[in-house]
Amino acid sequence: MHTFDPDVVDQVLAHMNGDHLDDNLLIVRANGAPQATAASMSDVDGEAGTWTVVGPEGPIGAVRIPWPSGPITQRAEIRREVVALYDAACAALGVDPGREH
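Sequence positions in the sequence shown follow numbering that gives the first Met the number 0 and run 0 to 100.
Source of the hints: derived by calculation from the structure; they are not laboratory data.
Don't take each hint at face value.
Unchecked claim - Here are the computed distance ranges between Cβ atoms for each label pair:
{"hint": "1", "residue 1": "75", "residue 2": "21", "range": "20 to 30 Å"}
{"hint": "2", "residue 1": "6", "residue 2": "55", "range": "32 to 42 Å"}
{"hint": "3", "residue 1": "4", "residue 2": "33", "range": "26 to 36 Å"}
{"hint": "4", "residue 1": "87", "residue 2": "34", "range": "14 to 24 Å"}
{"hint": "5", "residue 1": "34", "residue 2": "90", "range": "13 to 23 Å"}
{"hint": "6", "residue 1": "16", "residue 2": "94", "range": "29 to 39 Å"}
{"hint": "7", "residue 1": "20", "residue 2": "87", "range": "16 to 26 Å"}
{"hint": "8", "residue 1": "60", "residue 2": "0", "range": "19 to 29 Å"}
Backbone N, C-alpha and C fix where the C-beta goes; we use that ideal spot for every residue, glycine too.
Working from the sequences, and respecting the hints, build out all of it.
This is how it looks when you write it as structure tokens:
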């Protein structure tokens, strides 16, 4: 499994948790945590993204979601895969994505 440089991981997490909290929530709701009330991305590697999930009763735990296109090794691929997860989540939940990527 490919691991990204810690600086890359930190930048991805800061971006996702600073600018995309609603997107994080949609992604985890469509991928095994429909009861989630909050979610933050907590890790990223070449196989998957990991989100820490909170539900109505408190912490639920981590949800690890494999990248739709399979394993990745390049930083630019992270964005592509997160966008794919978001688009699939919107489709699964019947939510208008509301923006172009």
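Hint check:
1. Against the hinted window of 20 to 30 Å, the Cβ-Cβ separation of residue 75 and residue 21 comes to about 23 Å, which satisfies the hint.
2. Taking the beta carbon of each, residue 6 and residue 55 are about 35 Å apart, inside 32 to 42 Å as hinted.
3. In this structure the supplied range 26 to 36 Å holds for residue 4 paired with residue 33, their Cβ-Cβ distance being about 34 Å.
4. Separation of residue 87 from residue 34 is about 19 Å and conforms to the stated range, judged on CB atoms against 14 to 24 Å.
5. Roughly 20 Å separates the CB atoms of residue 34 and residue 90, a value that falls within the hinted 13 to 23 Å.
6. For residue 16 and residue 94, the hinted distance range of 29 to 39 Å is not satisfied, since their beta carbons lie about 20 Å from each other.
7. A hinted range of 16 to 26 Å for the beta carbons of residue 20 and residue 87 is consistent with their spacing of about 18 Å.
8. Checked against the given bound of 19 to 29 Å, the beta carbons of residue 60 and residue 0, roughly 21 Å apart, stay inside it.
Figure legend: structure checked against the earlier numbered hints; the only hint not met is number 6.
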